[in-house]
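Taken in order, these protein sequences are the chains called F and D.
Numbering-wise (our numbering), the first sequence opens with residue 1 and increments by one.
Numbering-wise (our numbering), the second sequence opens with residue 1001 and increments by one.
Mixed in with the good hints, there may be bad ones.
Keeping only pairs whose Cα atoms sit at most 30 Å apart, straight-line, the calculated DSBU-like set for lysine-lysine is [as the list claims (entries may be wrong)]: (1) F/Lys2 with D/Lys1096; (2) D/Lys1090 with F/Lys2; (3) F/Lys67 with D/Lys1020; (4) F/Lys67 with D/Lys1096; (5) F/Lys90 with D/Lys1020; (6) D/Lys1020 with F/Lys55; (7) F/Lys19 with D/Lys1019; (8) F/Lys96 with D/Lys1002; (9) F/Lys165 with F/Lys189.
FYI, nobody ran anything at the bench for these hints, they're computed from the structure.
2 protein chains.
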Amino acid sequence: MKSFEAAVDRLSRLPGIGKKSARRIVFHLLSIADDQVEELTDAIITAKSQLGYCKQCYGLSETELCKICSNSQRNPDQLCVVASPETILKIENTGKFNGRYHVLRGLISPLDGIGPQQLTISQLINRLTTPNETIQEVIFAFNPTNEGEVTINYLRQRLRDYPIKLSQLGYGLPVGSDLEYTDRMTLNKAFENRIKLNPEAENS
Amino acid sequence: MKSFEAAVDRLSRLPGIGKKSARRIVFHLLSIADDQVEELTDAIITAKSQLGYCKQCYGLSETELCKICSNSQRNPDQLCVVASPETILKIENTGKFNGRYHVLRGLISPLDGIGPQQLTISQLINRLTTPNETIQEVIFAFNPTNEGEVTINYLRQRLRDYPIKLSQLGYGLPVGSDLEYTDRMTLNKAFENRIKLNPEAENS
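The shape of chain F in the complex, shown without the other chains:
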């Protein structure tokens, strides 16, 4: 059945969908009403045609400047640098951060041939040096991986001479995790980044 195989083939090219899930999806599509299938394909086509990237932060946007960049209620002093737009959604969900973002569109990864030139690093620096910008702190929110560390090291060098505070997300034990199943690297980091419980003791 050519049309069955074609739909399975196309669906299984999507991330996280194997042949088996693709088959299940096609069977599901056969079992639902025509207009529900139409609503699915319409939603895909509309998203593809309307969504783009913000010209300032490279986050997801339906307009030239995204909602966060154009929101005067956001704190202009803090800039959170992320690898991809997904991370923005994640951080926005926490409700913890009220600054703005910059999407690097990846991380430095010599093994994959990704250097600083492939990322939006020059755009980040332009942004930091734009006269009307008041960014005082840049927070790196990358995955705690080699690529993340390499990128942070590179950016620390590049931003060394700017009067801007640099920080990165804290490493440590995931909330609700079990020490028994924590890997050695995470445990090392948790020791290094241990939280002082009586900071006043240091001064005494």
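Please arrange chain D on chain F, whose structure you already have, making use of the hints.
Frame of chain F; chain D shown alone:
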């Protein structure tokens, strides 16, 4: 971003796709070429419009009679009864079975309110009693669950008076599995269905 959320919502209604995978898929769709997205939605629309069910076996088909039912090379003596068309694809992949199929469109499940009337059981019996049919063996290939057993028991009753051999797929240890992780029911079944290694000993 309405169009982003709408696409995520529609995608996450598909089986096996949660909000998180749906978001990943939408980001992926943004990163690929327009015509690749079009090929995906076209494949879905084509499958939905061209695929239907075989009027004889209720398997998946683009034509009134499916390729298996209309294939004179298939053994007309054996009929494999399955719950859903997915199972046909699975069995065809083994290359082990050359007979034909009948799809029940479910299994008897009193808890879910599914009785014999909701399934294609009368169509199965019509098929078995059609004058030009030569079916000699009916093989039940259901999931080894309660519903599977209830359905087999019901069909054994209904088909009791027909001169047709009935069989079901063998229960036992999955190939490549580890006894340590085998559940008690499977181990019980594996004992009951143990394979005689020297059948001649019985007669001596």
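Open item on the list: Tell me the numbers of any earlier hints that the structure contravenes, in ascending order.
Closed with: 4
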